[in-house]
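Chemist: Now for the letters of each chain:
Number of protein chains: 4
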Amino acid sequence: MNKINGLIAAPFTPMDSRGEVVFEKIPDYVRLLENNKVVGAFVNGSTGEGVSLSQKEKMQITEEWVKAASEKKELKIINLIGGTSYKECIENAKHSEECGADAIAMLAPYYFKPGSGGQLAEFCAKVAEAVPTVPFYFYHIPVLSGCFVSMYDFLQEASGMIPNLAGIKYTHEDFMDFLTCIHFADGKYDMLWGRDENLLSALVLGARGGVGSTFNYAAPLYYQLIDAFDNGDLEKARKLQQQSIDMIRLLGKYGGIATGKAYMRYIGFECGEFRLPVKNMSNEAYKQFEKDVEALQIQELFSTL
Amino acid sequence: MNKINGLIAAPFTPMDSRGEVVFEKIPDYVRLLENNKVVGAFVNGSTGEGVSLSQKEKMQITEEWVKAASEKKELKIINLIGGTSYKECIENAKHSEECGADAIAMLAPYYFKPGSGGQLAEFCAKVAEAVPTVPFYFYHIPVLSGCFVSMYDFLQEASGMIPNLAGIKYTHEDFMDFLTCIHFADGKYDMLWGRDENLLSALVLGARGGVGSTFNYAAPLYYQLIDAFDNGDLEKARKLQQQSIDMIRLLGKYGGIATGKAYMRYIGFECGEFRLPVKNMSNEAYKQFEKDVEALQIQELFSTL
Amino acid sequence: MNKINGLIAAPFTPMDSRGEVVFEKIPDYVRLLENNKVVGAFVNGSTGEGVSLSQKEKMQITEEWVKAASEKKELKIINLIGGTSYKECIENAKHSEECGADAIAMLAPYYFKPGSGGQLAEFCAKVAEAVPTVPFYFYHIPVLSGCFVSMYDFLQEASGMIPNLAGIKYTHEDFMDFLTCIHFADGKYDMLWGRDENLLSALVLGARGGVGSTFNYAAPLYYQLIDAFDNGDLEKARKLQQQSIDMIRLLGKYGGIATGKAYMRYIGFECGEFRLPVKNMSNEAYKQFEKDVEALQIQELFSTL
Amino acid sequence: MNKINGLIAAPFTPMDSRGEVVFEKIPDYVRLLENNKVVGAFVNGSTGEGVSLSQKEKMQITEEWVKAASEKKELKIINLIGGTSYKECIENAKHSEECGADAIAMLAPYYFKPGSGGQLAEFCAKVAEAVPTVPFYFYHIPVLSGCFVSMYDFLQEASGMIPNLAGIKYTHEDFMDFLTCIHFADGKYDMLWGRDENLLSALVLGARGGVGSTFNYAAPLYYQLIDAFDNGDLEKARKLQQQSIDMIRLLGKYGGIATGKAYMRYIGFECGEFRLPVKNMSNEAYKQFEKDVEALQIQELFSTL
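These protein sequence lines are chains A, B, C and D, in that order. The first sequence begins at -19 in this note's numbering and counts up by one. The second sequence begins at -19 in this note's numbering and counts up by one. The third sequence begins at -19 in this note's numbering and counts up by one. The fourth sequence begins at -19 in this note's numbering and counts up by one.
The reader is advised that the hints may include incorrect statements.
The list makes no distinction among identical chains, and a pair is therefore deemed to hold if it is satisfied within one copy or across any two copies.
With a Cα cut of at most 25 Å, we get these calculated SDA-like pairs of lysine to any residue [stated by the list, open to error]:
id, residue 1, residue 2
1, K267, D207
2, K74, E37
3, K53, Q223
4, K259, G126
5, K219, G186
6, K52, V258
7, K74, R218
8, K36, E0
9, K47, D(-4)
10, K106, I237
These are computed hints drawn from the structure, not numbers from a lab.
Next up, chain A with everything else stripped away, as it sits in the complex (with noise of 0.2 Å):
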């Protein structure tokens, strides 16, 4: 598989009132994730509520998403596979592989947590081999996982042990080792930013593709920001990154990861809540959100149905 250049959005799950998953809905997620111009969906990751999900539920999801997506062969799908069991990984792989994902990814165990590079790789090796000729993602986000190996110790034990490592989707501020994988042989793995709120600081040092959850809303920020940094036009990127910010600070004033359900509700795509453990808005929190949200002034960096 090619390195992803362009924004691939980490998709939200649809649930009913009753906390159900809405499959039906995936195709027009799709469209709206075409309209938009974004290239991948990460199904089943912290955004989609993957670990909040039954087996069964993660798998029927991703063949949805797969065959929605097979229409135009616009997006690219990857899945995230877990997780904690290599056993349920394997089968969930499998799987993946045998609906068409075009990728897989795997978070580091977060119950036992790796202490060092081989002991994450030879973990993620165990499953990549299973399917050896699906590309395979590591996914970084040691915030959630608790695994805070850093990523130049897992290339420098993995490079060898998985020959079907693509990449990382990378969930986490350290730029140094972010630029050090970006050079790791000769630049052979692509390096997927995944925090949206700094992606100027990822893109000057090389990054061409991002994973996020706010680009199922705001896109065209994204590709704004990404089109003013590639002219040279570094104040206006800059303006952008900071609506950016100004946007994503609002899920941390509205409890976190929840308030990007909110967000999909005002572009007009309604997903629902999440479900537990996450806490969601109230009803009155969400009409002060949206207030907050006219606020921005940012209308027309959403993304539109």
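Here the structure of chain A is known, so what remains is to put chains B, C and D in place on it, guided by the hints.
Modeler: Here is chains B, C and D on its own, set in the frame of chain A:
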């Protein structure tokens, strides 16, 4: 269910050389525990590698333990049901009920971490209410789960929301919080101490039961410790606690949780290795470990087959 | 110096409304402690705001405590000398010796944090050897110092390097480490417990002395607790420990360490406010605090003037 | 004071073999920095071991730097004044003013850590108002100070309370916070980047000045990096940033901050060792270090005497 008085082991999951579960060893395991007066088994827990097993494996393990234990009815089975997905926890909880486990236990979700007692209680309630007649324990182990909500905060919310709440397996060194939970609601809840290395400091606060991994192989040590404490022989109790500490310190020296299975081999009950990502001891390291164990001179305090 | 048996208060530093030290109050403070059978004062510690004082102020405080205490010779003075700069620690250590303090104590350096027992011991030795006949205590409080080296690791190195090492003020909840230090070198070192809220769990391990801030205003509570424990009346000991916890929980509710000076005002020994950066209680908050203290119904357990 | 454009070194404190400060080396140090176009010196900082010096030593160091720098008036002197005690910070601030330092800087109190922007600002204001005409920088380095308050939260409070607030030395990898501070109050504050290993990611956000320890010995590397960035030659800028990273990675390999003085020895400007508690490199380790530095093949990027 009455409060539990005595030692509850958190069993290892016996594995063969390919890392597959050896279910047939479970009846012998039950006998090992019963022979050493252990009163309960906390299965599929941290020690049992619950997070490294598939849902299906966990269910079969529960079945085998319940079946083997019910012959003599001396060993209570508490089944750890997860987890991060309440869907899978409920599935597991219902299966526990069907096959006759004495109680279930649940971890704090360890990916999206609840930030308050109320959020944590809400998550637990969602599962507990699916099996309203099964005693429900919360398993507090923040060092692994990453959820540092105090149990006093949890009980204040959970006591009203979870009628079948039985108690807490408390694996954390906050004795202020622990004593407050012992006294909560006139001592209604069963507070099981989960740090073998300082059981004595919990006994003095009124703890009567403990759940631990070292009770698998050194139950006599702890029963002597409890007896000494009950008889007011604090010199002896302290000496035994120090012997427990010296034994536990070898876990640190040899790399952590996997050392527990080395102790099992030492007493003659082979359980194989831990699954990845847990790091196992090499054969050379085992030889050195064996010498270190001999040097402790605590042979008569180990469990006997 | 013999081991210390009983309660050692960590005194507050009396301040006036401009935040200046009121040295003249120290003789009365000595009497307050003596009247309540407190056997030592750990001056210039965390409670005493040592880090917020100038070197000159600390020296004068030491002088006043030593002078006032020496009238009756009932109260031992342990002086916390720092710190991050061994130069200033040595200056302070020599001054302590000159004015006749009974012992000195030293914190782990809390900016550049030692990463091993050896490094920590070397730093302490550099200071201790400047006053070779003065008993030297190490003050272990990782939650504030950020140095999490275990005291067993420290003792293994320090015992050979610091001939005047007397013991450790242990303000951390690692009872495994604490018990090992009690047993170290046949019980040579004076292990002073520093967490008032779980003194009972330390007594059962053999602790005979404690250093704490709540001993300033609630010494009777803890002496009754120790008596109950010594007499085997564990029900009573637990109840008293719970009362101590309820009292200490108000520190959390009202914002932390500054609440200690509110308790001093409550018993009638005004010490003013803490210096910045510690946040003090407003007058309205104090009124609410007073009600909360009344509601604890532990009036007879407070120290009396 | 105008914003600073260019590299500000955080000088090491030259020591002799007994660990005493060699004040006489400071004029040569000034010349070393000037020769390599360094525009400022941030003295008594982390690199300068401010916390390991006595108040008197710090004052003399300030005097020597100001005196030596004022000959050519090319090097601005920013003096780090502390600290945990505002009394001693004020003493130091007034002394800085008297001897003619261009600006002062202050750390967050690193024992009692402020928990909000308001508390931190109040503490800083107490010191800043004692020298109302001296430009005041806040030094943000949470990994050492333990104060993780965001600088955006700090500026919102401090901007109204500290008229002489000039800016922030920002040594932390929160680029979202950093960009927001750059944009705060129409770009009023001087935001000096403090992580040499990712200077490029800060330049793209608009940073124009940096404070760092590696500018002591590798200023040419960073000036070439800045030039490449300004000229739009990002390939070259990334390569230079990678060379900086490779150089900095040796600090980790050889045990941390003390490795900086080894680099100084390497370029021929001997500064002795760090004081305890910092661990120094053995002579054997230095020989290996020298080989590792040679292997980097970046000789022409080091500062020249």
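Chemist: Take the hints in turn and mark each one as holding or not.
Modeler: Do the hints match the structure? See the list:
Taking the closest pair of Cα atoms, K267 and D207 never come within 25 Å of each other, the shortest separation being 33 Å inside a single copy and 49 Å across copies. In the homo-oligomer, the alpha carbons of K74 and E37 lie at most 25 Å apart both inside one protomer (15 Å) and across protomers (19 Å), since each shortest distance falls under that limit. When the C-alpha separation of K53 and Q223 is checked against a cutoff of 25 Å, the pair qualifies neither within a copy, at 31 Å, nor between copies, at 41 Å. For the homomeric pair K259 and G126, the shortest alpha-carbon distances inside one copy (21 Å) and between copies (17 Å) are both at most 25 Å.
Proximity of K219 to G186 under the C-alpha cut-off of 25 Å is found in both arrangements, the shortest distances being 20 Å within a copy and 11 Å between copies. Taking identical chains as interchangeable, the C-alpha atoms of K52 and V258 are never at most 25 Å apart, the minima being 34 Å within one chain and 43 Å between chains. Taking CA atoms no more than 25 Å apart as the test, K74 paired with R218 passes in neither setting, with 43 Å inside one copy and 39 Å between copies. In this assembly of identical chains, the alpha carbons of K36 and E0 lie at most 25 Å apart whether taken from the same copy (13 Å) or from different copies (23 Å).
In this assembly of identical chains, the alpha carbons of K47 and D(-4) lie at most 25 Å apart only when taken from the same copy (21 Å versus 40 Å across copies). For the identical chains of this complex, K106 and I237 are inter-copy neighbours only, at 20 Å across copies versus 31 Å inside a copy, given an alpha-carbon limit of 25 Å.
This entry does not satisfy hints 1, 3, 6, 7, going by the numbered hints stated previously.
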